[in-house]
Amino acid sequence: MTPRRPLALAIAVVALVGGCAGPAVTGAPSNPPVEQSTAPEASQATAADSVATYRAYIEMNTDLLVTRTKAFAAAVEAGKLAEAKTLYAPAREPYEAIEPVAETFGDLDPEIDSRINDVPAGGTFTGFHRIEEALWSKNSTAGMTPIARKLVTDVTQLQALVKTVDLDPATIANGAVGLLNEVSASKITGEEDRYSHTDLWDLEANVIGAQAAWTAIKPLVVSRAPDLATTIDQGFSAVLDALQPFQKGDGYVLFTTLTPTDTQTLSQLIDALADPLSQVAAIVVTAQ
Amino acid sequence: MTGGPAISRRRLLAGGLAAGAGLAVGGLGGYGFARESQAVDLQAVVEPFYGPHQAGIATAAQARIQFAAFNVLTSRRDELRVLLRSWTSAAALMTAGEPVGNPAGDPNAPPSDTGEALGLGPARLTLTFGFGPSLFGGSGPDRFGLAAQRPAALADLPQFAHDELDPTVSNGDLCVQACAEDPQVAFHAIRELARIGRGTVAVRWSQLGFGRTSSTTAAQVTPRNLQGFLDGTNNVHGDDEPTMDASVWVAPSDDPAWMAGGTYLVSRRIRMRIEAWDRASLGDQEATIGRDKQTGAPLTGSAEHDTVDLTRVGADGKPVIPLSAHIRLAAPATNGGIRILRRGYSFTDGIDGQTGQLNGGLFFVCFQRDPRTGFVPIQTRLAASDALNEYIVHVGSGLFAVPPGTAAGGYVGETLFG
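Chains as they are written, first to last, in the numbering used here: chain A, -9 to 278; chain B, 416 to 833.
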């Protein structure tokens, strides 16, 4: 497989070493997450290992989210328009990698990640996309300081809350499917980042996050459904390979450069991966 | 000009489906020969056009819908009145199974009926007309001097959370709902009305629907929607007159007087994220809806019409019908007793060119006495919390004042246009 762009690997990824849930991180460009995982012997694999592994992944990503969001918010507050635009997409990546977990905390996800049409009449538009609108549509950071500060507060709260989240292998499996559904619903249509058109950053983060979830539970699956595990691994590779041509510099080309054929191809590869992945929850439930 | 009596077409149809199919392959093909006897019966049934209320509301839901919204091109009120008279005459003919003109007249002139519904029978066709906010000026100019007569209940719908409305499949000055047992009969009706109105009105958007998703009388079996669930179990029934009077028909004491006997129609084109739904586990699907997929029973019961018990708590200490379940949030008990008459249909419009995914879902239509106390509060609650939101998105919207019905010699809209 072709090396991943460095930025993608800055999203924390997980290495499983001999069934021990050590949250070792991340990566070299030549080591995509799925290939750096070393599944433990099936007999040793336990649900507790999977949960610990994925929990570590979530916590690493929320740490990264706080760090990057603070830098992004600082640029916004300082009125550094170009810098803020550069930091926007990378700041979102760790969030997009673990979004289903964030969604379990009621209002936090809408506060952080609502798109303008998600907000009902009379509601307040906040979060990343509120700032995105200002940076790209208005080419300005004016009035964004309170929004940026609230965003930092919200992601910091998320960082604390994820330590309390209840996880089990089936939830992790369904979360991985949920991430791919996110791709189908809003990334592949260009609706997520409608001002900046940086949707492909989010899309890749969704896929990498789903892959990390899969990697955490895969040891519970390989002995029971080896063919399914292979199909899923191949599905992730196919999606990530299909994204490769759109990489540009440290990131991606703008969504607006994709043709309908490009988006259809990506969308159908996502569906082809998500369907077998949706079979996993029933298998890991039986495994417990 | 109106051709022979309906019975001759009925004989034609009953005498051999091949004859009918020769004229209209698509229409009869939709029923298939397996349902021949039922199809023949339904094709011959007339739904009365005239009456105190327009048909197509309390009427037992037919199998198909063709819905169209129109922009009014003229700014002359008298032209609009003439159009409504012409539409009423045409609707009275077509709902009786008659052509609107002569499909085989002067060889040098275009036929005055387009012909594709010949021999298909009335097929329970109903035509229901409505007026959108923009006809009364709305946010634009008051082209017809109607602003003062705009009902307060015809207030623009608010932006609901997660709406992704496409203006090209939303709103409109006028609407016509054509429902029939035969899709070609419904299509023909809209086509003729558009043809008759050409130059005065233009179709803004239209929607073809199949597989009614609500039962609207106690006798109708509850159908399934494209998510595979029974839909419309606790609907208002059109033959339940006390509930219709309380919840659906505008009362003579309501404002404005011209709407007495009318109702308000809200349409929502709801795209289903079908691929995502299909990979949701059965347990998730049932928790999302709040019903058993097979039987349609609420999760607190064992048969479809068992009581939806919103208070029951399971062994795990959580509500048996989850707090975000669709039937909990849509239930009258959750909405201060509000009831609306749902009359939606499934739709599919091929694939989405951007994603290659199925472009289908629910074309939701509902009727109520006042949307401000009907659809709006219910949808506000659903948009905020419904677990189903993960699998659907509202992409089109329409709001129309549906005036009362008319008698022979009158026209639909006469209470407004005089």
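Calculated from the structure, these hints are not laboratory results. Hints are supplied without guarantee of correctness; some may be wrong.
Said to hold, decoys possible - Below are the SDA-like pairs computed for lysine to any residue, each with C-alpha atoms no more than 25 Å apart in a straight line:
{"hint": "1", "chain 1": "B", "residue 1": "LYS733", "chain 2": "A", "residue 2": "VAL41"}
{"hint": "2", "chain 1": "A", "residue 1": "LYS128", "chain 2": "B", "residue 2": "PRO582"}
{"hint": "3", "chain 1": "B", "residue 1": "LYS733", "chain 2": "A", "residue 2": "GLU93"}
{"hint": "4", "chain 1": "A", "residue 1": "LYS153", "chain 2": "B", "residue 2": "GLN574"}
{"hint": "5", "chain 1": "B", "residue 1": "LYS708", "chain 2": "A", "residue 2": "ALA272"}
{"hint": "6", "chain 1": "A", "residue 1": "LYS128", "chain 2": "B", "residue 2": "ASP731"}
{"hint": "7", "chain 1": "B", "residue 1": "LYS733", "chain 2": "A", "residue 2": "PRO266"}
{"hint": "8", "chain 1": "A", "residue 1": "LYS140", "chain 2": "A", "residue 2": "VAL155"}
{"hint": "9", "chain 1": "B", "residue 1": "LYS708", "chain 2": "A", "residue 2": "ARG139"}
{"hint": "10", "chain 1": "B", "residue 1": "LYS708", "chain 2": "A", "residue 2": "ALA132"}
{"hint": "11", "chain 1": "A", "residue 1": "LYS153", "chain 2": "B", "residue 2": "PRO582"}
{"hint": "12", "chain 1": "B", "residue 1": "LYS733", "chain 2": "A", "residue 2": "LEU259"}
{"hint": "13", "chain 1": "A", "residue 1": "LYS75", "chain 2": "A", "residue 2": "LEU151"}
{"hint": "14", "chain 1": "B", "residue 1": "LYS733", "chain 2": "A", "residue 2": "THR276"}
{"hint": "15", "chain 1": "B", "residue 1": "LYS708", "chain 2": "B", "residue 2": "THR722"}
{"hint": "16", "chain 1": "B", "residue 1": "LYS733", "chain 2": "A", "residue 2": "LYS238"}
{"hint": "17", "chain 1": "B", "residue 1": "LYS733", "chain 2": "A", "residue 2": "ASP265"}
{"hint": "18", "chain 1": "B", "residue 1": "LYS733", "chain 2": "A", "residue 2": "ALA228"}
{"hint": "19", "chain 1": "B", "residue 1": "LYS733", "chain 2": "A", "residue 2": "PHE95"}
{"hint": "20", "chain 1": "B", "residue 1": "LYS708", "chain 2": "A", "residue 2": "LEU151"}
{"hint": "21", "chain 1": "B", "residue 1": "LYS708", "chain 2": "B", "residue 2": "GLN769"}
{"hint": "22", "chain 1": "A", "residue 1": "LYS60", "chain 2": "A", "residue 2": "ASP158"}
{"hint": "23", "chain 1": "B", "residue 1": "LYS708", "chain 2": "A", "residue 2": "ASP265"}
{"hint": "24", "chain 1": "A", "residue 1": "LYS238", "chain 2": "B", "residue 2": "ALA563"}
{"hint": "25", "chain 1": "B", "residue 1": "LYS733", "chain 2": "A", "residue 2": "LEU233"}
{"hint": "26", "chain 1": "B", "residue 1": "LYS733", "chain 2": "A", "residue 2": "ASP53"}
{"hint": "27", "chain 1": "B", "residue 1": "LYS733", "chain 2": "B", "residue 2": "SER696"}
{"hint": "28", "chain 1": "B", "residue 1": "LYS733", "chain 2": "A", "residue 2": "SER127"}
{"hint": "29", "chain 1": "B", "residue 1": "LYS733", "chain 2": "A", "residue 2": "THR94"}
{"hint": "30", "chain 1": "A", "residue 1": "LYS128", "chain 2": "B", "residue 2": "ALA798"}
{"hint": "31", "chain 1": "B", "residue 1": "LYS708", "chain 2": "A", "residue 2": "GLU101"}
{"hint": "32", "chain 1": "B", "residue 1": "LYS733", "chain 2": "A", "residue 2": "LYS75"}
{"hint": "33", "chain 1": "B", "residue 1": "LYS733", "chain 2": "A", "residue 2": "ASP158"}
{"hint": "34", "chain 1": "A", "residue 1": "LYS140", "chain 2": "B", "residue 2": "ALA799"}
{"hint": "35", "chain 1": "A", "residue 1": "LYS153", "chain 2": "B", "residue 2": "GLY643"}
Here is how each hint holds up against the structure:
no., hint, result
1, B:LYS733 - A:VAL41, "23 Å, holds"
2, A:LYS128 - B:PRO582, "24 Å, holds"
3, B:LYS733 - A:GLU93, "19 Å, holds"
4, A:LYS153 - B:GLN574, "35 Å, violated"
5, B:LYS708 - A:ALA272, "18 Å, holds"
6, A:LYS128 - B:ASP731, "50 Å, violated"
7, B:LYS733 - A:PRO266, "30 Å, violated"
8, A:LYS140 - A:VAL155, "22 Å, holds"
9, B:LYS708 - A:ARG139, "46 Å, violated"
10, B:LYS708 - A:ALA132, "51 Å, violated"
11, A:LYS153 - B:PRO582, "43 Å, violated"
12, B:LYS733 - A:LEU259, "38 Å, violated"
13, A:LYS75 - A:LEU151, "28 Å, violated"
14, B:LYS733 - A:THR276, "23 Å, holds"
15, B:LYS708 - B:THR722, "16 Å, holds"
16, B:LYS733 - A:LYS238, "49 Å, violated"
17, B:LYS733 - A:ASP265, "30 Å, violated"
18, B:LYS733 - A:ALA228, "41 Å, violated"
19, B:LYS733 - A:PHE95, "17 Å, holds"
20, B:LYS708 - A:LEU151, "35 Å, violated"
21, B:LYS708 - B:GLN769, "31 Å, violated"
22, A:LYS60 - A:ASP158, "31 Å, violated"
23, B:LYS708 - A:ASP265, "20 Å, holds"
24, A:LYS238 - B:ALA563, "58 Å, violated"
25, B:LYS733 - A:LEU233, "42 Å, violated"
26, B:LYS733 - A:ASP53, "32 Å, violated"
27, B:LYS733 - B:SER696, "20 Å, holds"
28, B:LYS733 - A:SER127, "45 Å, violated"
29, B:LYS733 - A:THR94, "16 Å, holds"
30, A:LYS128 - B:ALA798, "29 Å, violated"
31, B:LYS708 - A:GLU101, "34 Å, violated"
32, B:LYS733 - A:LYS75, "44 Å, violated"
33, B:LYS733 - A:ASP158, "18 Å, holds"
34, A:LYS140 - B:ALA799, "22 Å, holds"
35, A:LYS153 - B:GLY643, "38 Å, violated"
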